[in-house]
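**Q** Residue-level listing of the chains:
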Amino acid sequence: MAGKSEPGATRNAFGAALVELGEEHEDVVALDADLSVSTQSAKFGAAFPDRFFNVGAAEANMMSMACGLAATGKRPYASTFAIFATGRAYDQIRLGIAHNELPVKICASHGGVSLGEDGASHQMIEDIALMRVMPNMTVVVPADYNQAYRATLDSYESDEPQYLRFGRPATPVVYEDVPETLGTGVDVLREGKDISLFATGHMVWRALEAAEALESEDGVEAEVVNVSIIKPIHSESVLESLAKTGVAVTAEEHRIVGGLADAVRHVAAEQHPVPIFAVGMGDEFGISGTGEACMEHFGLTARGIADRAREALLLKPIVSHPPLFGPDWN
Amino acid sequence: MSHLRSVPDSRPPSKEEARRVGKASIAELERWATVHRLACVRMLAVAKSGHLDSSLSAADIVSALYNRVLRHDPEDPSWHERDRFVLCKGHAAPIQYAALAHHGYFPNEDLQGLRKIGAPLQGHPDMNKTAGVEVSTGSLGQGLSMCVGIALALRLDGLENTAHIFGVMSDGDCQEGQTWEAATAAVHFGLTNVTAIVDYNHLQTDGTTEQVMDIGDVRAKFEAFGWDSIEIDGHDMEAIVEALERSRTLDRPAAIVCQTKKGRGVSFMEGRFGFHGKPPSPEQAIEALNELEARLEEQTKALQGAST
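Taken in order, these protein sequences are the chains called W and Y. Reading the first sequence from the start, the letters are residues 1 to 330 in this note's numbering. Reading the second sequence from the start, the letters are residues 331 to 638 in this note's numbering.
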C-alpha cells in the first residue's frame with residue numbers, strides 16, 4: 001500500500017490498488033472495454049494476464065460477463081468510462097449484478113466534466129443518480145488518490161455490488177496517507193459552526209479552499225464534510241453537522257438532480273429541514289475544453305462554492321425565524 | 331475437427347445409484363418432455379399469467395438436457411463441477427421450473443405458486459429465490475454473455491474440460507445486439523465449454539420474426555462468428571441429444587440452431603401467432619391437458635411394451 005503526498009488521479013489509485021488486490025486474492029478478476037490504459041486496469045492485466053479480460057468496445061457484454069464470473073465464485077472488477085459503464089450498460093448492471101446481489105465492483109473512471117476535451121459525449125454527469133436509484137447498489141466517490149486507494153481495497157471486503165467513481169485529472173492531496181478506513185463515508189475534514197459544506201470527489205479539495213476563503217474574507221467558520229459514500233448515505237453524520245450549522249451547501253461534479261445534493265436534502269427534508277444550496281450541473285450537458293476550463297465554466301470551483309455559501313448564509317437568519325407569510329400574517 | 335474429447339458421464343461421480351440407472355433413452359426423454367409440458371400447462375392455468383407457448387417450444391431441448399446431458403446434482407445444487415444451464419430466454423421459465431421440480435430441486439407444490447406474491451417461482455428465473463437457477467435472466471440478449479463469464483470462471487478453476495455451459499436462447503435473443511458481442515467474445519477467448527441452443531420458433535410478441543425483424547440464417551451467422559454451428563429439428567429428440575453431446579466434445583463454442591414450433595404439443599397453439607405471453611383459458615387448458623395426457627399414455631404404454 002503506497003500513499004501519495006503529491007497530487008494524483010483517483011483512477012491511478014484504482015489501478016495500483018487493484019494490483020495489490022490481485023496479489024492478495026486469487027479470485028479477483030478484472031474486465032475492461034478497450035480503455036484499460038485510461039482506467040488503469042491495464043496494470044492488473046500486465047500483472048495477471050490470465051485473470052484479465054479485455055472485451056473490446058462491448059460494455060453490455062462486459063457487465064453480463066462480470067455477472068457470470070461472480071455467479072461462479074470470482075470477484076470481478078469491471079472498469080470503463082463512467083458514461084459507458086452506467087449509461088450504456090444500465091440494464092445489464094440492473095438485472096445481472098444489482099438484482100442478483102453479486103459482488104461485482106463497477107469501477108468507472110472519467111466521471112464528470114473534468115475529463116475535459118472529449119466533451120459532452122464523454123462527460124458523464126448522471127452516473128451517481130443512475131447508480132443511486134438502483135436497488136442494492138452502493139455508490140462510492142473518493143476525494144483523492146489516497147482515499148481512492150482505500151476505497152478500492154475495501155471494496156473487496158464487501159459481498160455486495162458497488163459503483164466506484166474515479167476521475168481523470170490529478171487531484172490535490174486531501175488525505176495525507178491512505179486512510180485506515182472510509183468510516184461512515186461522511187467525514188468531517190474541517191470543523192466549523194456557521195455553515196456545512198458537503199462535497200464529494202473532485203469538489204472536496206475545492207470545498208476546503210472555499211472554507212479558507214470564507215474564513216479569511218468573511219470571518220465565516222465553514223465545516224467541510226467529505227461524503228465518499230453517497231449511497232447508502234450515513235444520515236446521522238449528515239444530521240450532526242446540519243444540527244450544528246443550520247445551513248449547508250453541497251458540491252459535486254454531477255447533476256444536482258439525483259446526486260449528492262438530493263441525497264443530503266433528502267436526509268434534511270425528513271429530519272432537519274434547513275436551507276441547503278447546491279453547486280453542481282444544472283439541466284445541461286458538458287462541453288469541450290481543458291478539464292479546469294470546464295470546471296470553471298460550470299462554476300465547479302472553490303469560488304463557486306464560496307459564493308453559494310454566502311447566498312445560503314443570507315437565508316439562514318430568515319428561515320430560522322417563523323414563516324414570514326404564515327397563517328398569522330396581518 | 332469434432333469429437334476431440336469423450337463425453338463425460340452425465341451423473342455426478344459420487345452418485346453410484348444414479349449411475350446404475352443409466353442414461354435415459356430417446357423414448358424416455360420424449361416421455362419426460364410430455365411430462366414437463368403437462369406441468370407447464372397446469373402451472374400457467376393456475377397462475378393465469380406467463381408464457382406457455384415459448385415454454386412448450388423448448389420442452390424437448392430442456393428434457394434432453396435435464397434428463398440426460400447435464401451433469402448436475404439436485405441434492406447439491408452448488409456442486410462446483412456441475413454443468414450450467416442458463417435460460418437466456420427467461421420468459422420460458424415454466425419449462426425450467428418443471429424440469430427442476432421433477433429432479434427435486436424444490437417440491438412439486440411450488441409449481442402452483444408460479445408468479446404469485448411471496449412465492450419462490452418468479453415470472454422470470456431468479457437465482458436468489460429458486461434452487462437450480464444459475465443466474466437471473468429475463469432481459470433478452472444478456473444470457474450468452476453470462477455464459478461466457480461463467481465459462482471463463484470455470485476455466486480459471488481448471489474445469490473447462492468437465493463443466494459445460496448450455497444456454498437456451500430465443501429468436502428475440504438473436505435480435506439483441508449484445509448476443510453478437512458475446513458470440514465474438516466466446517471465440518476470442520477460445521472457449522470450448524459453451525453451447526448456445528437457439529429455440530428458433532419464428533414467433534414473437536408482435537408477429538412472426540420474418541414480419542417483425544427477420545433474423546435470417548442464424549446458423550450461418552454463428553458460423554461467421556467462428557462457432558461450430560449446426561441446425562437441427564428442435565423436436566427430434568435423437569437429433570437434439572446427438573447435437574448436445576457432440577457440442578461438448580468440440581474445440582470451439584458450439585451453436586445448435588433448433589427449428590421449433592411455438593406451442594409444440596398443443597395442436598391449437600402449435601405454430602400459431604397470438605399466444606405469446608397469454609395464459610390459457612380454463613377451456614383451453616383442459617383441451618391442452620387432454621391432448622398431452624393422451625400422448626403421455628401412449629408414450630408410457632410404448633415404453634412398458636418395450637420393456638416386457
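Keep in mind the hints are simulated off the structure, nothing from the lab. A hint or two may mislead.
[As the list claims (entries may be wrong)] Label-pair ranges, simulated between beta-carbon atoms:
| # | chain 1 | residue 1 | chain 2 | residue 2 | range |
| --- | --- | --- | --- | --- | --- |
| 1 | Y | 537 | W | 236 | 32 to 42 Å |
| 2 | Y | 453 | W | 159 | 53 to 63 Å |
| 3 | Y | 449 | W | 221 | 28 to 38 Å |
| 4 | Y | 488 | W | 1 | 25 to 35 Å |
| 5 | Y | 447 | W | 285 | 35 to 45 Å |
| 6 | Y | 604 | W | 283 | 42 to 52 Å |
[Stated by the list, open to error] Interface residues of chain Y toward chain W, partial, derived using beta-carbon atoms under 10 Å:
| # | residue |
| --- | --- |
| 7 | 454 |
| 8 | 461 |
| 9 | 483 |
| 10 | 491 |
| 11 | 506 |
| 12 | 517 |
| 13 | 561 |
Just so it is clear, CB atoms sit at the ideal spot from N, CA and C, and this is done for glycine as well.
**Q** The structure should be examined with respect to each hint, and the outcome stated for every one.
**A** To see whether the hints hold, each was checked on the structure:
no. : hint                      : in the structure
1   : Y:537 x W:236: 32 to 42 Å : violated, 56 Å
2   : Y:453 x W:159: 53 to 63 Å : violated, 26 Å
3   : Y:449 x W:221: 28 to 38 Å : violated, 58 Å
4   : Y:488 x W:1: 25 to 35 Å   : holds, 31 Å
5   : Y:447 x W:285: 35 to 45 Å : holds, 42 Å
6   : Y:604 x W:283: 42 to 52 Å : holds, 44 Å
7   : 454                       : holds, 9 Å
8   : 461                       : violated, 14 Å
9   : 483                       : holds, 3 Å
10  : 491                       : violated, 16 Å
11  : 506                       : holds, 9 Å
12  : 517                       : violated, 12 Å
13  : 561                       : violated, 25 Å
When each numbered hint is compared with the structure, violations occur for hints 1, 2, 3, 8, 10, 12 and 13.
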